[in-house]
Amino acid sequence: MNGGTSRERILGRVRRALTDVPRDERPEDRPVVRDYLRTHGERTTSESLDLLAENLADYRALVHRVTATDLSALLARLLAERGARRVVAPAGLPGEWLADAAVDILSDAPVLTAHELDEVDSVVTGCALAIAETGTLVLGGGPGQGRRALTLVPDHHLCVVRTVDQVVDSVPQALERLAPAAARPLTWISGPSATSDIELDRVEGVHGPRTLEVILLAEDPRSV
Amino acid sequence: MRVGLFVTCVNDSLYPRTGRAVVSLLERLGVRVDFPTAQSCCGQPMFNTGYRHETEPLVRRYAAAFRDHDYVVTPSGSCAAMVRDNYPRIGAGAEAEGRGTELSEAAAGAVPKTYELTEFLVDVLGVTDVGAYFPHTVTYHPTCHGLRMLGLGDRPRRLLEHVEGLELRELDGAEECCGFGGTFAVKNPAVSAAMGSDKCRAVARTGAEVVCTVDNSCLMHIGGVLAREGSPVRPVHIAEILAGTKDSVR
Amino acid sequence: MSRDGTGVPHSGGAAYLGMPAFPRAAETATRDDRLRANLRHATHTIRAKRARAVAELDDWARLRQAGAAIKDRTLRHLDHHLVRLEEAVTRAGGTVHWAADAAEANRIVTDLVRATGEREVVKVKSMATQEIGLNEALAEAGIRAYETDLAELIVQLGDDLPSHILVPAIHRNRGEIRDIFRDRMASWGRPAPEGLTDRPAELAEAARRHLREKFLRAKVGLSGANFMVAETGTLVVVESEGNGRMCLTLPETLISVVGIEKTVPTWRDLEVFLQLLPRSSTAERMNPYTSMWTGTADGDGPRVFHLVLLDNGRTDTLADEVGRQALRCIRCSACLNVCPVYERAGGHAYGSPYPGPIGAILTPQLRGLASPLEESLPYASSLCGACFEVCPVAIDIPEVLVHLRERVVEGGEVTIRGTRTTIKPAKRHTAERAAMRAARWTFDHPGALRRGQWILSRSRRLRPRRLPGPGRAWTDTRELPAVPAESFRDWWARTRGGTA
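Protein chains in written order, with full-length UniProt numbering: chain A, 1 to 224; chain B, 1 to 250; chain C, 1 to 500.
I should point out that these hints are in silico values taken from the structure, not numbers from a laboratory. Note that the coordinates shown come from a computational prediction; the quantities given were computed from them, not determined experimentally. Honestly, I wouldn't trust all of these hints.
What the hints assert, rightly or not - With a straight-line cut-off of 25 Å between C-alpha atoms, the simulated SDA-like cross-links for lysine to any residue are: (1) Lys246/B / Arg228/B; (2) Lys424/C / Glu95/B; (3) Lys427/C / Ser457/C; (4) Lys214/C / Asp58/A; (5) Lys49/C / Gly153/B; (6) Lys219/C / Asp155/A; (7) Lys49/C / Glu175/B; (8) Lys424/C / Val186/B; (9) Lys49/C / Asp58/A; (10) Lys219/C / Ala109/A; (11) Lys427/C / Thr137/B; (12) Lys113/B / Tyr133/B; (13) Lys246/B / Thr137/B; (14) Lys219/C / Asp198/C; (15) Lys214/C / Thr113/A; (16) Lys214/C / Val120/A; (17) Lys214/C / Asp300/C; (18) Lys214/C / Thr211/A; (19) Lys427/C / Gly100/B; (20) Lys49/C / Asp155/A; (21) Lys424/C / Gly412/C; (22) Lys219/C / Asp20/A; (23) Lys219/C / Asp58/A; (24) Lys49/C / Glu204/A; (25) Lys424/C / Lys113/B; (26) Lys214/C / Glu231/C; (27) Lys424/C / Gly83/A.
Stated by the list, open to error - Computed footprint of chain C on chain B, listed as stretches where at least three residues anywhere in the stretch have a Cβ under 8 Å from a Cβ of chain C: (28) 53-63; (29) 219-228.
Said to hold, decoys possible - Which chain C residues face chain B? A few, computed with CB under 10 Å, are given here: (30) Ala37; (31) Ala386; (32) Leu404; (33) Arg440; (34) Phe443; (35) Arg458; (36) Leu462; (37) Ala473; (38) Arg496.
Note that the Cβ used here is the ideal one computed from N, Cα and C, for glycine as well.
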């Protein structure tokens, strides 16, 4: 702490700077017109899912669609194709998801060090929600999502989205749904790591996972 | 309706043929036009350089000169934008300095009746075919203040497209500033010239004989660069193109 | 302020001090063909992409108005929101510090790092820490700050200055980046791989390897933030590469230095800015990574979190009713990418980490009109308005430029470190002011104007092709227009019988 003097000085400067603001104006008095759209277009559930898949793929995420019965076989195949041997499964990840995978499954308890995580091939998680219009996954540290480092240090991230209840259309809808979770750290992920720092041209793959695979999991086989 | 011509100081002193073209064009379209000689400059050079207070007498002068007119037509996008965007600011500035509402009132009178030429033609007279003849290839540079402050949109293009004999050539990076910018041209001459020569390269690539704008100040800059580079492309104000007829063409 | 004798500008940014006024620096840049080619290529690439990303949203204009309105509403009660923010961050386990200027912010951060016993820190790209010259201050205290954003890394390795808000190494092309990596990486850590080519993917890979060991061992992370939510105490960092996530997640201690204007009142307000920012900045629907954190969290990320709230001229900017709209800025860079002046002059000519149109209005306000550089910045624009058009929070940059020009040439009321004061007109503009007065007088006396025109037309054949003095600035590169034999006014009088 720095004694409070700068705090008072800055707050005093702010107040003196705002002499044009009427004294009786309250912070919420100035209107903000929110006539922007809640969602950009009307979509059926299946259209939202298609848009999510399309936007994820547009930013170079690999997208798979699967039903509950086939999930563990798909994960096993994707991990095998990748040659993954050591895989992190955060607490709360349904045990059956990795039942078929021929890999060493690491839990994060006791907590893995950063160096240990760097030796991990892949991480498999769920998510808090996904946003169709932007192709975004949001992870919030809930069950099966893990702490932030787990989906950051390994180079391969497999993320399962439950399509029945985890897909929203838009950013406004996502924030509304996330509001109760705001106190927890949130990570919004839209495709694999990328950069525009060389000639303002987009290149995938810098520090975060360079391969992001998204599995859209349907409960009911008929909806696939 | 009483229509006043605000010819602008640049046209008055350096490009009188543009003013004459406006007069003959409007008269051809059946509009009688006045030229109140009390007019001078809109004040843009002073205002945009930071001399707001020097601009105030010119705001009063403009408002007084056109007090009795229903419309003021000017062949300059940036002068029209100066009146419409900045006169109210100058009025508000005077009010904030405790000098009353006189300038705001002058501005309020001037703003709604001030039209850039192509706006007047398209929006007030409702014409896009003005019966002009101009047998040349032309490329159109939409000047910044016309494009972004006035929002002229495609009005100038629609007028040009109806000119008999005129072939319009697309200009690469048309919406990019030519680099004139009033005193910017002399305060930052290197950048201004670099922008100018890029613009002129784009003009040259069109292969057009003529580059046309709604503003002679930008054309003075573009034309100045073209002439220095020995380019054969001629800078011509849109009013002169629209005023052209089969009889008048050389 | 050098002009009124109040001393040095109150910004840090030591590396930028003593830079020449804009026109001179810009002139040098316009002669650098490679620089101009690099900037042209990069800005034109992103321009078209931004336009497409924005066109995808039918409600862009409404989002933009809402963004401006939220920022304005926040600024009008910034004291209230800052106190709420402080409460929320503190409640969530963070510690809030207040820094009135760059020196104080640097002192706070240096002391916090020292207290950890560490000698190195990893940094997320942050404009605020560039502005205060934090890296230099830490270096003086024997602490090495590693920049981890790819472009910042290029700048740091190249012993260079940033030249763009989003892409600080925009002035470098891939070949130059390859050379910097090859020659300089070894002295900062893991060397570049043998046979490194200039393929962007390979360059990104080299940066990944070089920085990874630093991330894995880092105990202290430094960041800024794009947004701070007063209601919840949540900070938001928007990024692409994952270096931000590394710095925000892996270290034990996180210190964030954030300008006070980054506050938004409510969680819901993010719904506007998280749509406006990515599309304006990198032209993406959403940037690859956005991190949001609220104080500290058990078992996830740093155990210690410090937030340093930075003034450093922001309250002075806030005091200017016209100029304060610059504080809406969300640092997207769209205005730089469309600016024809930036494209030719390059970022360094602006003499601050904030180049381009936004820099031309922000730097003179944050620092005050402290030197010929700051006085020249409001003139670093042709007022073409392209910046205003693309600004996602509708900052009328031309309006503020003209307003600041008035402060330069006419003087007037400004606020310097919290004190309102009246400054005198800049000395350098004496001759110009006289010329403007004379012009105004002539324009206000049409008789004199007419005589002047008459003299001009009579002498028109005597006029030299190149003018002496200030006129040279025109005639060095451009012909003067031919003077007509008769002004319009005279033609009218001759043909239409005088007055209307």
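Hint check:
1. For the hint linking Lys246/B to Arg228/B, the alpha-carbon distance of about 32 Å lies beyond 25 Å, and the restraint is violated.
2. The suggested pairing of Lys424/C with Glu95/B holds, with an alpha-carbon distance near 22 Å, which does not exceed 25 Å.
3. Between the alpha carbons of Lys427/C and Ser457/C the distance comes to roughly 34 Å, so the proposed pair goes past 25 Å and is violated.
4. A threshold of 25 Å between alpha carbons decides the hint, and for Lys214/C with Asp58/A the separation of about 31 Å lies outside it, so the pair is violated.
5. In summary, the hint linking Lys49/C to Gly153/B is supported, as the alpha carbons are separated by about 22 Å, within the 25 Å threshold.
6. Taking the CA atoms of Lys219/C and Asp155/A, the gap is near 22 Å; set against the 25 Å cutoff, the hint holds.
7. Taking the CA atoms of Lys49/C and Glu175/B, the gap is near 16 Å; set against the 25 Å cutoff, the hint holds.
8. As the CA atoms of Lys424/C and Val186/B are separated by approximately 24 Å, the hinted pair is consistent with the 25 Å bound.
9. Between the alpha carbons of Lys49/C and Asp58/A the distance comes to roughly 14 Å, so the proposed pair stays at or under 25 Å and holds.
10. For the given pair, Lys219/C sits about 21 Å from Ala109/A by alpha-carbon distance, which is consistent with the 25 Å threshold.
11. For the hint linking Lys427/C to Thr137/B, the alpha-carbon distance of about 49 Å lies beyond 25 Å, and the restraint is violated.
12. At roughly 29 Å between alpha-carbon atoms, Lys113/B and Tyr133/B are farther apart than 25 Å, so this suggested pair is violated.
13. The straight-line distance between the Cα atoms of Lys246/B and Thr137/B is roughly 16 Å, inside the 25 Å bound, and the hint therefore holds.
14. A distance of roughly 32 Å separates the Cα atoms of Lys219/C and Asp198/C; the hinted pair therefore is violated under the 25 Å criterion.
15. About 14 Å separates the Cα atoms of Lys214/C and Thr113/A, which keeps this hinted pair within 25 Å; it holds.
16. As the CA atoms of Lys214/C and Val120/A are separated by approximately 18 Å, the hinted pair is consistent with the 25 Å bound.
17. Restraint check for Lys214/C and Asp300/C: the C-alpha separation of about 19 Å stays at or below 25 Å, so the hint holds.
18. Note on Lys214/C and Thr211/A: the hinted pairing holds, with a Cα-Cα distance of about 22 Å set against a maximum of 25 Å.
19. As the CA atoms of Lys427/C and Gly100/B are separated by approximately 30 Å, the hinted pair breaks the 25 Å bound.
20. Taking the CA atoms of Lys49/C and Asp155/A, the gap is near 28 Å; set against the 25 Å cutoff, the hint is violated.
21. Annotation: proposed proximity of Lys424/C to Gly412/C holds, straight-line Cα distance about 7 Å (limit 25 Å).
22. For the hint linking Lys219/C to Asp20/A, the alpha-carbon distance of about 46 Å lies beyond 25 Å, and the restraint is violated.
23. Taking the CA atoms of Lys219/C and Asp58/A, the gap is about 36 Å. The hint is violated against a cut of 25 Å.
24. Of the supplied pair hints, the one linking Lys49/C and Glu204/A holds, its CA atoms being roughly 17 Å apart against a limit of 25 Å.
25. Using a Cα cut-off of 25 Å, the hinted pair Lys424/C and Lys113/B is violated, with the two alpha carbons roughly 38 Å apart.
26. Distance restraint check for Lys214/C and Glu231/C: the Cα-Cα separation of roughly 34 Å exceeds the 25 Å cut-off, and the hinted pair is therefore not satisfied.
27. A hinted pair counts as satisfied when its Cα atoms are at most 25 Å apart, and Lys424/C with Gly83/A does not qualify at roughly 72 Å.
28. A stretch counts as covered by a chain when three or more of its residues have a beta carbon under 8 Å from one of that chain; for the region 53-63 of chain B and chain C the count is 6, and the coverage holds.
29. Here the region 219-228 of chain B counts 7 residues with a CB under 8 Å from a CB of chain C, which clears the bar of 3, and the coverage holds.
30. Hint status for Ala37/C relative to chain B: violated, with the closest Cβ pair at about 12 Å, above 10 Å.
31. The criterion of a C-beta within 10 Å of any C-beta in chain B is met by Ala386/C, whose closest approach is roughly 7 Å, and the hint holds.
32. Using the Cβ-Cβ criterion of 10 Å, the hint placing Leu404/C at the interface with chain B is satisfied: the shortest such distance is roughly 8 Å.
33. Among the interface hints, the one on Arg440/C holds; its C-beta lies about 4 Å from the nearest C-beta in chain B, closer than the 10 Å criterion.
34. Interface hint status for Phe443/C: upheld, as the beta-carbon distance to the closest one in chain B is roughly 4 Å, under 10 Å.
35. A least Cβ separation of about 13 Å between Arg458/C and chain B goes past the 10 Å threshold, and the interface hint is therefore violated.
36. Hint status for Leu462/C relative to chain B: violated, with the closest Cβ pair at about 16 Å, above 10 Å.
37. Interface restraint check: Ala473/C against chain B, minimum CB-CB distance 4 Å, threshold 10 Å, status holds.
38. Against a cut-off of 10 Å between C-beta atoms, the interface hint on Arg496/C holds, since the closest Cβ of chain B lies about 7 Å away.
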